[in-house]
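Trainee: Here is what each chain is made of, one letter per residue.
There are 4 protein chains.
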Amino acid sequence: MSETPIRVTVWNEFLHERSEPRVAHTYPEGIHAAIAEGLQQSLGAAVVVRTATLEQPEHGLSDDVLAATDVIVWWGHMAHDRVSDATVDKVQQRVLAGMGLLVLHSGHLSKIFRRLMGTSCQLLWREAGERERLWIVNPSHPIVEGLSGEYFELPQTEMYGEYFDIAPPDELILISWFEGGEIFRSGCTFRRGKGKIFYFRPGHETYPIYQDANVRRVLANAVRWAAPGGSRYFGEGRQIVEPLSPISGRPA
Amino acid sequence: MSETPIRVTVWNEFLHERSEPRVAHTYPEGIHAAIAEGLQQSLGAAVVVRTATLEQPEHGLSDDVLAATDVIVWWGHMAHDRVSDATVDKVQQRVLAGMGLLVLHSGHLSKIFRRLMGTSCQLLWREAGERERLWIVNPSHPIVEGLSGEYFELPQTEMYGEYFDIAPPDELILISWFEGGEIFRSGCTFRRGKGKIFYFRPGHETYPIYQDANVRRVLANAVRWAAPGGSRYFGEGRQIVEPLSPISGRPA
Amino acid sequence: MSETPIRVTVWNEFLHERSEPRVAHTYPEGIHAAIAEGLQQSLGAAVVVRTATLEQPEHGLSDDVLAATDVIVWWGHMAHDRVSDATVDKVQQRVLAGMGLLVLHSGHLSKIFRRLMGTSCQLLWREAGERERLWIVNPSHPIVEGLSGEYFELPQTEMYGEYFDIAPPDELILISWFEGGEIFRSGCTFRRGKGKIFYFRPGHETYPIYQDANVRRVLANAVRWAAPGGSRYFGEGRQIVEPLSPISGRPA
Amino acid sequence: MSETPIRVTVWNEFLHERSEPRVAHTYPEGIHAAIAEGLQQSLGAAVVVRTATLEQPEHGLSDDVLAATDVIVWWGHMAHDRVSDATVDKVQQRVLAGMGLLVLHSGHLSKIFRRLMGTSCQLLWREAGERERLWIVNPSHPIVEGLSGEYFELPQTEMYGEYFDIAPPDELILISWFEGGEIFRSGCTFRRGKGKIFYFRPGHETYPIYQDANVRRVLANAVRWAAPGGSRYFGEGRQIVEPLSPISGRPA
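Protein chains in written order, with my numbering: chain A, 8 to 259; chain B, 8 to 259; chain C, 8 to 259; chain D, 8 to 259.
Each hint should be verified, as a subset may be incorrect.
[Claimed, not checked] Only pairs whose alpha carbons sit at most 30 Å apart, straight line, appear in this in silico DSBU-like list of lysine-lysine: (1) C:97 with B:118; (2) A:118 with A:97; (3) D:118 with A:118; (4) C:118 with B:118; (5) A:97 with D:118; (6) A:97 with D:97; (7) B:97 with C:97; (8) D:118 with D:97; (9) B:97 with C:118; (10) C:97 with C:118; (11) B:97 with B:118; (12) A:118 with D:97.
No lab work stands behind these hints, which were simulated from the structure alone.
Can you build the whole structure from these sequences, using the hints too?
Mentor: Right, dumping it as C-alpha cells:
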C-alpha cells in the first residue's frame, strides 16, 4: 500500500559457486545475484535490493544492514554451522519485530529456520535431476498472484520428500509432485511475532531454478507479502497495573 | 498491486432505519450509506463503491451488479429469510469464483454466511450498551494495518458471546472482551474457493459503530485484503486424460 | 475413553454393485458390507456397526437410526442428487450436534459434504489404474496410529488431483502422489459444530481398496477419532440477560 | 487405546513454595505434588505419575527419567534461566520424538517453550486477584471432555493479556475473560515433530488453582491427548537413492 520501496537483502552462503565449476557455470556471480536480479526485474522501483554473504564481516549482516532490511531472503547449504549464533539471534529478533523472511531450498536446515520452527526441519532427498510439478492448493493467495495454471513445472530438480519436520504451516500454498515417487509441502507460510515467513522449496546450486519465470514470480510475490505491516504494536510483555473495569476483590 | 479501483457493493437490509426512529437518527441514510462513506473516505480513488438493498429488484444484486463487484459487504438482521435462495446461490458462486465477502455483525445469521460456513452460526447475545475491547491477536495481518495499540475500544455495543458456531477460522485476528463477562472471536478470515471472507463483529443498528475511526480502518483494510487475486485458475473439476508420466498398468 | 461401543452406520449408494458385474465381483455384498466388515474386524467390541443404503425407506436413515448413530460413513458416486434434502438436513443437524462423519472417495460431491464445506468440492480425476502413494504429513495424529512407514501404497487407483475445492482443512494428514503426475490432499479433518469430519480419498467401485489393510486401519482409527466427545454444551444461540460483571451504562 | 499406563513426569521449579510462606500455605508439598495428586485421582490406573524439581541432580530429568516419560508437565516461574541448556536440548529432542508436553501458566517463559515456539512468548500481566472465565471455543476437543458448560470460572487469578507472542496455535480451545478488561488465548495446542504440546494458562503460586475441579479435569484430559501415538515413523531426514518410478533424465 505504501509508495516506499521494500528494502530486500538477499543472503547467500556463496561457497558452492566459488569451489565447484558447474555451480559457477549456472550462477557465475552467485545465487544471490540471480535472485536479486529476478526481484529487481519483477518489482522495479517497488524494491531496493542488496546482497550479503557468509564470508563478509558479520556475514554481511551488521546491525545497520538489518535495521535497513524489510525482507531478508536466505540461501544456505553446506555451511549452516558457520553462521554465528550472534547473527542468528539478531535475525530472529528482527523477524519477531516485523522483518519478512524467505527461506529457500536447503535453507530448511539453516540455524535461523530451525530456530523459528522449534523442530529439526529434516526431510528426505534425492539428487537425480527429476521433474517437479508444483501444484497450487491455495489459489487465492497473493503469493501465487498471476500464475497461469493449476501448477507449474521444473524440468530437473533435486527431490525433497516428507516427512518434513516443520511446525504445521499457517497456510499451505504449494505441494510438489516428484517423478520418482514423492510429494512435498513446497510453499508454506508462518507468522512469528510481527514477522512473516515463507518457506519455498525450489532452488539448487546446479539447476537454473532462480532463472525460471514462475519461480521468480513466486519470489517477487512473496517479497511483497512478507513486507512489514499490520498494527503498530510490537508485542513486548509488560505489567499492566490499572484495569479498565473495577475488580471485585480489590480496594477501590 | 493493481491500479484498477476495487469495485465494492455494500448490501444492507435497510429495514430498521425506515421503521425505528432511533435507528434513523443514527443512520439517516441507512447503514449502507455510512459504510460506503467510510470506505470512500478511507480508500479514495482505490475504490468505487455502490450500495444495494433488500427491497430493490433482485435485492439490488442483478447479474450485472454481481459481475461488476470485486468485494461485497453484507449487513442484515431482521429479514435474512427474505433474501431469495436464487440470490444466495449467485452470491455464493461469485465468492467461490473470487469475489471478496465482508460479513458484518448480525450478518452472522445471513443465508450466505451460513451457506459458506456449513454450520448454524449461532451465538449468545445481550443488549445492554456495554463496553467492548477488541484485542489484536494477529498483529502482522494487513487487516489491522495501521491500528495504533494492542486493542481498540467501542464504548457501547451489543454483546456477542461464544460458543460462536462457525467453521474454525483460517486466521483469528481480533478477540473481543465485553464488560459483562464474555469474549468473542470478532475478526475471522476464511478462504472458500477463490474467494476471501472476513467476518467482523462490530456494528449495530442503534450505536454509531460505523462512524468509529478504528472500525472504518478495519473495514477499509479488509476490502483491500479481500479483493480478488491469486492464480488465474478457478478450480473447476474435470477429467484429465493424458498423464505426465507413463503409468505402469496402462498400454503405452 | 468410554466402555460403551461406538455405534457406526455405514451408508452406501449401493447402485454400482447391482448394475455392473465387475463391481459386483469386487464387492459382492456391496461396498458398505466390505467397510462394515473391516471396521468390525479392526475394532471388535468397541463398535456396533450397521449399514444403510439409498433405496431403503428414508435412505435407511430414519430419525431413530440417526439418533442411534455416533459415526456415519458415507460412500456415494452416481446418485448424489437422489438423496433427499430432508435427509441431508437431518444428517447435517446430527453432525453439528456431535455425530462423526467419514466421507469417502467420490463422496466429495455428496450433498452432505458440499453442505458442510460451503464450496463446490470439485477436483480433477483420471481412471487409469495408476499407483498411489499416501504420504503421512501429520505423524502424531491418532488417525495414522500404528501405520508403519512414511507412506503406504495402493497399486491401482483412480487418480484425484488438485485444486480440490474444499474449505482449508483443520488438519492435513495424508497427501497422495500419483504415478501420472498429480498430488492430492487425501486425508483431511474438519470440525463443524460439535461434530468431527474426516475426508479420506481412497476407495473406488472396481479396485479392492476397502480390503486393503492400511485403508482399513485408517478407517478404524478415524471412527475412534470422530466419535462424539468434548464438552457437554451444544452451541445453541440464546440471549443472555444477566451479566457477570456490572455494566457501566446500565441501571444497577 | 492402549492398556499400558501413561507415564507422567510433573516438573516444578519448587522455589516459591520453600521461600514464601503464603505459597507454602497453598502448596505445602509443592505445586508438583498438587498437580500429581490431581492426575492420579482423575486418571487412576491409566497413569503412573512421578515428579522432578529444579534443584535435583540434572533437574530430576536424567536420560533414564526422560526415556521413561510419556508426558511431561512443566511449571516454572522465577528461575527459567537456571535450567541447563543441556536439559532443554534433551527435553526438546524427546518432544520431537513423541513425548507430550504440558506447559502451565508462567511456564510460557520457560526455555523449553520458547525453544519450541521460536518466539518471545511475552505477554501482559497484572496481579489483582481478579476473576477469570475460560470460554470453550472448540467444544468437540478431547481436552474439554466432560466440562459441563460453555465456560468455567476461577474466582481469583493473576491476569495474562494479549498480545501473547506465540506461534499461531494449531487449535485454540479456551479463551479467558478477565474482570479487569483483558482476554487471553488460554488453551492452545501445537504439534512439533511427533510430539503434542498443550499450553494451559491457569495456575499461580498463591491461588489454589491446581485444586480446582475443572482445572484438574482439563489437565487429565490433556495428559491423555498428549500421550505418544500416531504412525511409527520418527521423521529422521535421509537420502533416498532408489525412486519408485523411472526418472526420465536418468540412465535406466
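Trainee: Give a verdict on every hint.
Mentor: Okay, the hints, checked on the actual structure:
no.: 1; hint: C:97 with B:118; in the structure: holds, 18 Å
no.: 2; hint: A:118 with A:97; in the structure: holds, 12 Å
no.: 3; hint: D:118 with A:118; in the structure: holds, 17 Å
no.: 4; hint: C:118 with B:118; in the structure: holds, 17 Å
no.: 5; hint: A:97 with D:118; in the structure: holds, 18 Å
no.: 6; hint: A:97 with D:97; in the structure: holds, 25 Å
no.: 7; hint: B:97 with C:97; in the structure: holds, 25 Å
no.: 8; hint: D:118 with D:97; in the structure: holds, 12 Å
no.: 9; hint: B:97 with C:118; in the structure: holds, 18 Å
no.: 10; hint: C:97 with C:118; in the structure: holds, 12 Å
no.: 11; hint: B:97 with B:118; in the structure: holds, 12 Å
no.: 12; hint: A:118 with D:97; in the structure: holds, 18 Å
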